[in-house]
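Engineer: Sequence:
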Amino acid sequence: MSAGHRARRSLLRTLIIGAVSLAVVAPTSVAKAEPTLAEIEAQLEKAGNDLEDLVEAFNKINEELAATQASAATLQTKLQPLADSMAAANANVDVIAIAAFKGSGPLQSLNVVLNAQSSDTLIDQLTTLQQIGKHQQHEIADYTAAKTKLDDEKKKIDETLAAENAQKAELETKKKKIEGDVKKLETLRRQATAAGSTGSTGVKVTLGAECTSPANAAVAFACAQLGEPYKWGAAGPNSWDCSGLTMGAWKAAGITLPHNAAQQWSKTTHVSRSALSPGDLAFFRGLGHVGIYIGNGKMIHAPTTGRNVEVQSVDGRSDTYGYGRPHK
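When the letters of the sequence shown are read in order and numbered with mature numbering (1 follows the signal peptide of the UniProt record, and there is no 0), they come out as residues -33 to -1, 1 to 295.
Source of the hints: derived by calculation from the structure; they are not laboratory data.
Don't be surprised by glycine CBs; every beta carbon is placed ideally from N, CA and C.
Each hint can be trusted.
Capping the alpha-carbon separation at 27 Å, the derived lysine-lysine pairs in DSSO-like fashion look like this: (1) Lys13 - Lys27; (2) Lys151 - Lys27; (3) Lys121 - Lys27; (4) Lys198 - Lys144; (5) Lys135 - Lys150; (6) Lys144 - Lys27.
Using C-beta positions, here's what the derived DEER-type ranges look like: (7) Asn16 - Ala176: 26 to 34 Å; (8) Ala34 - His237: 21 to 29 Å; (9) Ala108 - Leu128: 27 to 35 Å; (10) Thr111 - Ala40: 18 to 26 Å.
Please model the entire structure based on the sequences and the hints provided.
Structural biologist: Following this line, the structure appears as C-alpha coordinates:
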(Lines of atoms letter the chains of each structure in order from A and count residues from 1; the text may use other names and numbers.)
(Lines give C-alpha, C1' and ligand atoms only; values in the text may rest on other atoms or scores of the structure.)
Protein backbone atom coordinates (compact mmCIF):
# COMPACT_ATOMS: atom_id res chain seq x y z
CA MET A 1 0.00 0.00 0.00
CA SER A 2 1.42 3.36 -0.95
CA ALA A 3 2.12 6.08 1.57
CA GLY A 4 -0.46 8.36 -0.08
CA HIS A 5 -3.15 5.72 0.14
CA ARG A 6 -2.39 5.09 3.84
CA ALA A 7 -2.62 8.82 4.53
CA ARG A 8 -6.05 9.11 2.88
CA ARG A 9 -7.39 6.14 4.90
CA SER A 10 -6.07 7.66 8.11
CA LEU A 11 -7.80 10.99 7.35
CA LEU A 12 -11.12 9.29 6.57
CA ARG A 13 -10.96 7.28 9.81
CA THR A 14 -10.29 10.44 11.77
CA LEU A 15 -13.32 12.24 10.21
CA ILE A 16 -15.67 9.33 10.94
CA ILE A 17 -14.56 9.06 14.56
CA GLY A 18 -14.94 12.81 14.97
CA ALA A 19 -18.47 12.82 13.56
CA VAL A 20 -19.57 9.96 15.82
CA SER A 21 -18.04 11.66 18.85
CA LEU A 22 -19.88 14.90 18.03
CA ALA A 23 -23.21 13.07 17.82
CA VAL A 24 -22.59 11.36 21.17
CA VAL A 25 -21.39 14.32 23.20
CA ALA A 26 -23.74 16.98 21.78
CA PRO A 27 -27.07 15.41 20.64
CA THR A 28 -29.13 18.27 22.06
CA SER A 29 -27.44 20.83 19.87
CA VAL A 30 -29.55 19.77 16.87
CA ALA A 31 -32.86 19.33 18.73
CA LYS A 32 -35.78 21.28 17.30
CA ALA A 33 -36.47 24.42 19.30
CA GLU A 34 -39.92 24.97 20.75
CA PRO A 35 -41.97 27.51 18.76
CA THR A 36 -41.95 31.01 20.12
CA LEU A 37 -45.15 32.76 21.21
CA ALA A 38 -45.06 34.86 18.05
CA GLU A 39 -44.73 31.73 15.92
CA ILE A 40 -47.63 30.03 17.73
CA GLU A 41 -49.84 33.10 17.23
CA ALA A 42 -48.92 33.22 13.53
CA GLN A 43 -49.76 29.52 13.13
CA LEU A 44 -52.98 30.09 15.04
CA GLU A 45 -54.06 32.93 12.77
CA LYS A 46 -53.24 31.04 9.56
CA ALA A 47 -54.96 27.85 10.74
CA GLY A 48 -58.04 29.80 11.77
CA ASN A 49 -58.22 31.66 8.45
CA ASP A 50 -57.74 28.49 6.40
CA LEU A 51 -60.45 26.75 8.37
CA GLU A 52 -62.88 29.63 8.00
CA ASP A 53 -62.30 29.74 4.22
CA LEU A 54 -63.36 26.09 4.03
CA VAL A 55 -66.33 26.72 6.30
CA GLU A 56 -67.53 29.64 4.18
CA ALA A 57 -67.17 27.53 1.01
CA PHE A 58 -69.33 24.89 2.68
CA ASN A 59 -71.92 27.51 3.64
CA LYS A 60 -71.92 28.92 0.10
CA ILE A 61 -72.61 25.61 -1.66
CA ASN A 62 -75.44 24.89 0.78
CA GLU A 63 -77.01 28.27 -0.02
CA GLU A 64 -76.66 27.70 -3.78
CA LEU A 65 -78.05 24.19 -3.54
CA ALA A 66 -81.07 25.37 -1.56
CA ALA A 67 -81.75 28.08 -4.16
CA THR A 68 -81.50 25.61 -7.06
CA GLN A 69 -83.79 23.14 -5.31
CA ALA A 70 -86.32 25.93 -4.79
CA SER A 71 -86.12 26.79 -8.51
CA ALA A 72 -86.71 23.15 -9.41
CA ALA A 73 -89.78 23.02 -7.16
CA THR A 74 -91.15 26.24 -8.68
CA LEU A 75 -90.60 24.89 -12.18
CA GLN A 76 -92.49 21.71 -11.31
CA THR A 77 -95.50 23.75 -10.20
CA LYS A 78 -95.48 25.39 -13.63
CA LEU A 79 -95.18 22.12 -15.53
CA GLN A 80 -98.12 20.38 -13.85
CA PRO A 81 -100.83 22.87 -14.94
CA LEU A 82 -99.45 22.71 -18.48
CA ALA A 83 -99.69 18.94 -18.46
CA ASP A 84 -103.27 19.17 -17.20
CA SER A 85 -104.09 21.73 -19.89
CA MET A 86 -102.73 19.54 -22.67
CA ALA A 87 -104.68 16.53 -21.44
CA ALA A 88 -107.88 18.60 -21.36
CA ALA A 89 -107.27 20.02 -24.84
CA ASN A 90 -106.66 16.58 -26.30
CA ALA A 91 -109.79 15.27 -24.64
CA ASN A 92 -111.85 18.14 -26.10
CA VAL A 93 -110.60 17.43 -29.60
CA ASP A 94 -111.50 13.75 -29.22
CA VAL A 95 -114.99 14.53 -27.92
CA ILE A 96 -115.71 17.00 -30.72
CA ALA A 97 -114.43 14.64 -33.39
CA ILE A 98 -116.53 11.74 -32.11
CA ALA A 99 -119.63 13.93 -31.84
CA ALA A 100 -119.14 15.19 -35.38
CA PHE A 101 -118.95 11.71 -36.86
CA LYS A 102 -121.89 10.44 -34.82
CA GLY A 103 -124.06 13.43 -35.72
CA SER A 104 -125.19 14.02 -32.15
CA GLY A 105 -126.31 17.31 -30.63
CA PRO A 106 -125.66 20.60 -32.39
CA LEU A 107 -123.02 18.91 -34.52
CA GLN A 108 -125.56 16.76 -36.33
CA SER A 109 -125.51 18.95 -39.42
CA LEU A 110 -121.78 18.53 -39.60
CA ASN A 111 -122.29 14.80 -39.94
CA VAL A 112 -123.77 15.45 -43.38
CA VAL A 113 -120.66 17.29 -44.43
CA LEU A 114 -118.39 14.67 -42.98
CA ASN A 115 -120.24 11.87 -44.78
CA ALA A 116 -120.82 13.69 -48.07
CA GLN A 117 -120.04 11.51 -51.09
CA SER A 118 -117.73 13.46 -53.34
CA SER A 119 -114.29 13.18 -54.75
CA ASP A 120 -113.09 15.51 -52.04
CA THR A 121 -114.70 13.63 -49.14
CA LEU A 122 -111.44 12.98 -47.26
CA ILE A 123 -110.22 16.54 -47.70
CA ASP A 124 -113.62 17.90 -46.59
CA GLN A 125 -113.57 15.76 -43.46
CA LEU A 126 -110.06 16.78 -42.49
CA THR A 127 -110.76 20.46 -43.13
CA THR A 128 -113.96 20.35 -41.07
CA LEU A 129 -112.21 18.61 -38.16
CA GLN A 130 -109.42 21.15 -38.38
CA GLN A 131 -111.90 24.02 -38.05
CA ILE A 132 -113.80 22.28 -35.25
CA GLY A 133 -110.64 21.72 -33.22
CA LYS A 134 -108.94 24.99 -34.12
CA HIS A 135 -109.19 26.40 -30.63
CA GLN A 136 -108.07 23.15 -29.03
CA GLN A 137 -105.19 22.81 -31.47
CA HIS A 138 -104.13 26.34 -30.58
CA GLU A 139 -104.11 25.34 -26.92
CA ILE A 140 -101.94 22.34 -27.73
CA ALA A 141 -99.52 24.49 -29.74
CA ASP A 142 -99.24 26.95 -26.87
CA TYR A 143 -98.66 24.08 -24.48
CA THR A 144 -95.96 22.58 -26.67
CA ALA A 145 -94.09 25.88 -26.93
CA ALA A 146 -94.36 26.54 -23.21
CA LYS A 147 -93.34 23.02 -22.25
CA THR A 148 -90.34 23.10 -24.59
CA LYS A 149 -89.17 26.29 -22.89
CA LEU A 150 -89.72 24.87 -19.41
CA ASP A 151 -88.06 21.59 -20.35
CA ASP A 152 -84.98 23.58 -21.36
CA GLU A 153 -85.08 25.36 -18.01
CA LYS A 154 -85.48 22.03 -16.22
CA LYS A 155 -82.48 20.59 -18.04
CA LYS A 156 -80.34 23.52 -16.94
CA ILE A 157 -81.59 23.23 -13.36
CA ASP A 158 -80.94 19.48 -13.33
CA GLU A 159 -77.39 20.07 -14.58
CA THR A 160 -76.85 22.75 -11.93
CA LEU A 161 -78.22 20.46 -9.22
CA ALA A 162 -75.89 17.68 -10.31
CA ALA A 163 -72.87 19.99 -10.26
CA GLU A 164 -73.79 21.48 -6.88
CA ASN A 165 -74.46 18.08 -5.35
CA ALA A 166 -71.05 16.97 -6.58
CA GLN A 167 -69.45 20.03 -4.95
CA LYS A 168 -71.34 19.36 -1.74
CA ALA A 169 -70.23 15.72 -1.78
CA GLU A 170 -66.64 16.89 -2.21
CA LEU A 171 -67.03 19.26 0.73
CA GLU A 172 -68.69 16.53 2.77
CA THR A 173 -65.59 14.40 2.27
CA LYS A 174 -63.61 17.28 3.71
CA LYS A 175 -65.77 17.24 6.84
CA LYS A 176 -63.35 14.91 8.60
CA LYS A 177 -60.50 17.18 7.56
CA ILE A 178 -62.40 20.15 8.98
CA GLU A 179 -62.98 18.32 12.24
CA GLY A 180 -59.33 17.26 12.34
CA ASP A 181 -58.25 20.82 11.69
CA VAL A 182 -60.54 22.00 14.48
CA LYS A 183 -58.84 19.64 16.95
CA LYS A 184 -55.40 20.77 15.82
CA LEU A 185 -56.47 24.38 16.12
CA GLU A 186 -57.83 23.81 19.61
CA THR A 187 -54.55 22.16 20.64
CA LEU A 188 -52.58 25.01 19.15
CA ARG A 189 -54.78 27.51 20.96
CA ARG A 190 -54.21 25.76 24.30
CA GLN A 191 -50.47 25.98 23.69
CA ALA A 192 -50.76 29.65 22.86
CA THR A 193 -52.88 30.36 25.93
CA ALA A 194 -50.41 28.51 28.14
CA ALA A 195 -47.63 30.63 26.63
CA GLY A 196 -49.52 33.83 27.40
CA SER A 197 -51.16 34.53 24.04
CA THR A 198 -54.37 36.56 23.92
CA GLY A 199 -55.59 34.41 21.03
CA SER A 200 -56.87 37.46 19.19
CA THR A 201 -55.76 38.53 15.73
CA GLY A 202 -57.40 41.96 15.87
CA VAL A 203 -57.58 44.91 18.24
CA LYS A 204 -59.87 43.88 21.08
CA VAL A 205 -61.70 46.65 22.85
CA THR A 206 -63.83 47.07 25.93
CA LEU A 207 -67.56 47.22 25.39
CA GLY A 208 -69.05 50.53 26.40
CA ALA A 209 -72.67 51.59 26.09
CA GLU A 210 -73.12 50.18 22.57
CA CYS A 211 -75.21 47.25 23.78
CA THR A 212 -77.28 49.19 26.29
CA SER A 213 -80.78 49.23 24.81
CA PRO A 214 -79.67 49.73 21.20
CA ALA A 215 -82.40 50.93 18.88
CA ASN A 216 -81.13 48.73 16.06
CA ALA A 217 -82.68 45.25 16.27
CA ALA A 218 -79.74 43.63 14.45
CA VAL A 219 -77.27 45.14 16.91
CA ALA A 220 -79.44 44.14 19.87
CA PHE A 221 -79.45 40.55 18.64
CA ALA A 222 -75.67 40.48 18.14
CA CYS A 223 -75.14 41.91 21.62
CA ALA A 224 -77.27 39.14 23.10
CA GLN A 225 -74.94 36.50 21.63
CA LEU A 226 -71.73 37.85 23.22
CA GLY A 227 -69.77 35.06 24.88
CA GLU A 228 -71.38 32.26 22.88
CA PRO A 229 -68.93 29.88 21.16
CA TYR A 230 -67.83 29.83 17.54
CA LYS A 231 -68.84 26.64 15.76
CA TRP A 232 -68.25 26.01 12.08
CA GLY A 233 -71.41 25.99 9.97
CA ALA A 234 -73.55 27.14 12.93
CA ALA A 235 -76.28 29.77 12.81
CA GLY A 236 -77.57 29.62 16.36
CA PRO A 237 -79.25 29.48 18.65
CA ASN A 238 -76.31 28.90 21.00
CA SER A 239 -73.26 28.85 18.70
CA TRP A 240 -72.25 30.69 15.52
CA ASP A 241 -69.82 31.05 12.71
CA CYS A 242 -69.15 34.54 11.34
CA SER A 243 -71.80 34.70 8.59
CA GLY A 244 -74.25 32.70 10.70
CA LEU A 245 -74.13 35.44 13.36
CA THR A 246 -74.67 38.33 10.93
CA MET A 247 -77.44 36.38 9.19
CA GLY A 248 -79.17 35.77 12.53
CA ALA A 249 -78.77 39.40 13.57
CA TRP A 250 -80.44 40.78 10.46
CA LYS A 251 -83.11 38.10 10.53
CA ALA A 252 -84.11 39.59 13.88
CA ALA A 253 -84.47 42.91 12.06
CA GLY A 254 -86.72 41.38 9.39
CA ILE A 255 -84.15 41.10 6.59
CA THR A 256 -83.04 37.77 5.10
CA LEU A 257 -79.37 37.28 4.32
CA PRO A 258 -77.64 34.15 3.00
CA HIS A 259 -75.36 32.12 5.25
CA ASN A 260 -72.17 33.13 3.48
CA ALA A 261 -70.01 36.26 3.78
CA ALA A 262 -69.44 36.71 0.03
CA GLN A 263 -73.15 36.35 -0.73
CA GLN A 264 -73.98 38.78 2.08
CA TRP A 265 -71.68 41.31 0.45
CA SER A 266 -73.72 41.02 -2.75
CA LYS A 267 -76.91 41.74 -0.78
CA THR A 268 -75.67 45.00 0.70
CA THR A 269 -75.32 48.60 -0.37
CA HIS A 270 -71.61 49.31 -0.11
CA VAL A 271 -70.65 52.24 2.11
CA SER A 272 -67.45 53.95 3.19
CA ARG A 273 -65.81 53.65 6.60
CA SER A 274 -66.88 57.21 7.42
CA ALA A 275 -70.50 56.38 6.59
CA LEU A 276 -70.71 53.31 8.85
CA SER A 277 -73.73 53.16 11.14
CA PRO A 278 -74.80 50.52 13.69
CA GLY A 279 -75.98 47.37 11.95
CA ASP A 280 -73.75 47.72 8.90
CA LEU A 281 -71.54 44.75 8.06
CA ALA A 282 -67.75 44.83 7.96
CA PHE A 283 -66.03 42.39 5.60
CA PHE A 284 -62.48 41.08 5.82
CA ARG A 285 -60.00 38.67 4.22
CA GLY A 286 -61.33 38.85 0.67
CA LEU A 287 -64.92 38.22 1.85
CA GLY A 288 -63.78 35.31 4.01
CA HIS A 289 -64.95 36.92 7.26
CA VAL A 290 -67.73 39.29 8.36
CA GLY A 291 -68.79 41.12 11.52
CA ILE A 292 -71.55 43.58 12.47
CA TYR A 293 -70.75 47.19 13.33
CA ILE A 294 -72.23 48.42 16.61
CA GLY A 295 -70.90 51.99 16.73
CA ASN A 296 -67.95 53.86 18.25
CA GLY A 297 -65.49 52.00 16.01
CA LYS A 298 -66.54 48.60 17.35
CA MET A 299 -68.00 45.46 15.86
CA ILE A 300 -69.27 42.14 17.14
CA HIS A 301 -68.14 38.99 15.36
CA ALA A 302 -67.75 35.24 15.73
CA PRO A 303 -63.95 34.98 15.32
CA THR A 304 -62.80 31.37 14.92
CA THR A 305 -62.78 27.93 16.50
CA GLY A 306 -61.95 27.95 20.20
CA ARG A 307 -63.09 31.52 20.73
CA ASN A 308 -66.41 33.13 21.56
CA VAL A 309 -68.51 35.89 20.02
CA GLU A 310 -66.67 39.06 21.01
CA VAL A 311 -66.31 42.81 20.58
CA GLN A 312 -63.40 44.00 18.47
CA SER A 313 -62.29 47.20 16.83
CA VAL A 314 -63.46 47.50 13.25
CA ASP A 315 -60.18 49.28 12.51
CA GLY A 316 -56.57 48.27 12.88
CA ARG A 317 -56.74 45.32 10.47
CA SER A 318 -54.74 45.03 7.27
CA ASP A 319 -57.27 42.68 5.65
CA THR A 320 -60.36 44.95 5.51
CA TYR A 321 -62.35 44.32 2.33
CA GLY A 322 -65.20 46.81 2.70
CA TYR A 323 -68.48 47.68 4.39
CA GLY A 324 -72.07 46.98 3.44
CA ARG A 325 -75.57 47.98 4.55
CA PRO A 326 -78.22 45.24 4.23
CA HIS A 327 -81.41 46.22 2.44
CA LYS A 328 -84.75 44.61 1.76
